[in-house]
Amino acid sequence: MHGRFTLAVVSATLGHHYVVSAGHELAALAAFEVLEGGGNAIDAGVAAMLTLGVVYSDQVSVAGVAPMMIRLGATGEIVTIAGVGGWPRALNVDDYIARYGGEIPLGVQRTVIPAALDAFVTALSRYGTFTFRDVAARAIRCASQGFPRHQVMLDYIAQHADDYRHWPENVDIWMPDGKVPDLGSQFVQSDLGATLQFLCDQELTAGADRLAGLAAVRHAFYQGDLAQQIVTHQRQHDGLLSAEDLADFHCQILPSLSRTFQLGGDPVEVHTCGAWSQGPTLLQALAILEGSNVSTLERGSPAYYHTMAEAIKLALADREAYLGDPDFIDVPVDTLMSRAYGAERAQLIDPNLAAPGMPAPGSIPGYAPYHSPVIHDRGLPKLPADTSIVCVIDQQGNAICATPSDTSWDTPVVPGTGLAISSRGDQSRAVRGHPSVMAPGKRPRLTPNPCFIQVPGQWIMPFGTPGGDAQVQANLQVLYHHLQFKLPLQEAIEAPRFMTHSHPDSFAPHRCRPGLLTIEGRVDEAITADLARRGHAVERLNDWTHAMAGVCAVRQDLKSGEIEGAADPRRTSRAMGW
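Following our numbering, the numbering of the sequence shown begins with 115 at its first residue and continues without gaps.
Since the hints were made in silico from the structure, they are not lab data.
Owing to the predicted nature of the structure, the values given are computational and were not obtained by experimental measurement.
Treat the hints with care, since some could be wrong.
Pair by pair, the computed Cβ-Cβ distance ranges are [as the list claims (entries may be wrong)]:
1. T410 / D448: 24 to 30 Å
2. G292 / D444: 45 to 51 Å
3. A643 / Q265: 27 to 33 Å
Where is the CB? At the ideal position from N, CA and C, for every residue including glycine.
Given only the sequences and the hints, what does the whole structure look like? Please build it.
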């Protein structure tokens with residue numbers, strides 16, 4: 115067998131009542147405590163997300179984004195919560211073209227409406243059973259009392275140290291004394307803890323009614339004292355976000371996109387979020403591989419890596435050409451994920467030669483694809499920019515997968531709150547004609563995209579990963595390892611991975627590295643040499659680098675009731691269950 119695949123280095127977590135897998139052990143603990151206290155999977159998922167906003171506050175903001183995918187155990191219905199906000203209504207793209215040369219600058223000029231808090235309240239109100247203070251308890255404790263700083267956080271801060279120094283208030287939080295802190299040093303975030311406690315206190319003022327209390331939490335953030343602080347801060351920094359933008363915002367609850375694929379002989383339903391995210395790209399990549407010969411190739415062989423990489427390039431080319439907020443543009447999602455179009459795109463894969471850069475987008479009748487100019491960047495890409503992950507299944511078959519996110523280095527914290535307001539606008543474009551061009555109310559095309567797969571009546575599996583543009587690529591590889599090649603779930607997550615970088619980065623300034631293929635050092639050198647002969651610009655990385663994302667997954671056998679959780683050792687991910 116090629117690629118030196120070995121047995122899992124981390125044991126899978128098994129349970130019959132509930133299992134959680136999350137991007138940090140304290141987030142997994144927060145979810146587990148809620149489940150132990152009688153909460154359901156949705157309650158537990160929100161608890162984990164709030165805690166991730168503390169223990170990964172460098173990469174996840176409570177005032178950021180929080181897309182979710184939820185399965186209702188009673189009916190089997192799968193819904194998504196579009197936890198991303200749009201641009202302020204005062205935005206004018208011509209100002210960004212004239213003032214910033216078509217770039218999206220650092221600071222509050224990239225602020226979109228913060229969606230995460232509304233997404234949390236929406237999930238709890240519609241599908242949960244707990245109060246906000248029930249699910250926020252562990253997050254408040256971690257913020258107020260502190261926790262040990264971990265290596266992923268420190269690597270991220272070190273990479274962006276110069277950016278943090280733009281804002282003294284950010285340095286005070288993430289780089290005290292002006293330097294990257296030590297591994298294991300205690301990280302206390304008093305302002306963030308006080309903000310979360312303030313929201314809990316506002317909930318109490320509404321009395322005993324749970325829904326009224328959750329409404330009070332939302333009001334405090336979007337119309338009350340916190341909203342006033344956010345808007346005042348925006349004005350002080352020439353930002354555009356207004357009180358009306360905040361007050362009028364509500365996350366959409368939408369059906370998932372889905373298609374059934376034959377993977378390993380089984381008809382597997384794959385569900386993703388809509389074209390406001392990069393979710394459709396996973397479905398398209400699967401459709402392209404469906405039309406290729408990848409299922410006949412040896413797992414971990416040069417031909418396998420090559421075919422997978424070329425399929426991903428084709429899907430990412432169409433992401434750049436067609437995907438954007440479907441409330442503003444017509445996105446041909448049905449065609450992109452169709453069997454026929456996938457087969458057409460698969461014919462472009464040369465088994466012996468890599469495309470030298472991003473391929474041309476496909477031609478779809480009635481649509482004009484955007485042809486992106488290639489803006490080169492030299493050297494290896496930075497570590498994936500942000501995001502974390504939580505997946506939960508409970509005893510009633512309720513399930514959630516969520517990928518909360520938003521960075522702390524590219525926009526100033528609102529003083530006294532501990533909150534960096536969503537800077538996700540950097541995934542839009544100040545380029546007319548681009549499908550994700552900025553516009554008032556329009557959402558950026560979001561990289562975080564939770565996923566869900568199932569064989570109805572047999573098993574269910576929420577899964578996902580942090581990692582920016584690495585997300586679809588990692589998710590796709592794990593799916594093939596687990597379903598097509600029948601690796602146990604934990605081994606499928608741990609198997610060596612690669613990433614292609616020929617596409618424009620989703621994050622501003624949207625540079626690409628044509629031909630670059632990064633791959634983990636555990637892959638045999640003979641294999642990477644073969645890939646280089648096929649035209650890939652191969653760069654070997656560390657064996658367990660967190661540049662290769664950090665997949666978490668939970669799978670339940672619906673017949674036996676057994677639940678399995680798996681967590682990626684490349685990051686601080688952990689699974690817990692009973």
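Evaluated hints:
no., hint, result
1, T410 / D448: 24 to 30 Å, "holds, 28 Å"
2, G292 / D444: 45 to 51 Å, "holds, 49 Å"
3, A643 / Q265: 27 to 33 Å, "holds, 31 Å"
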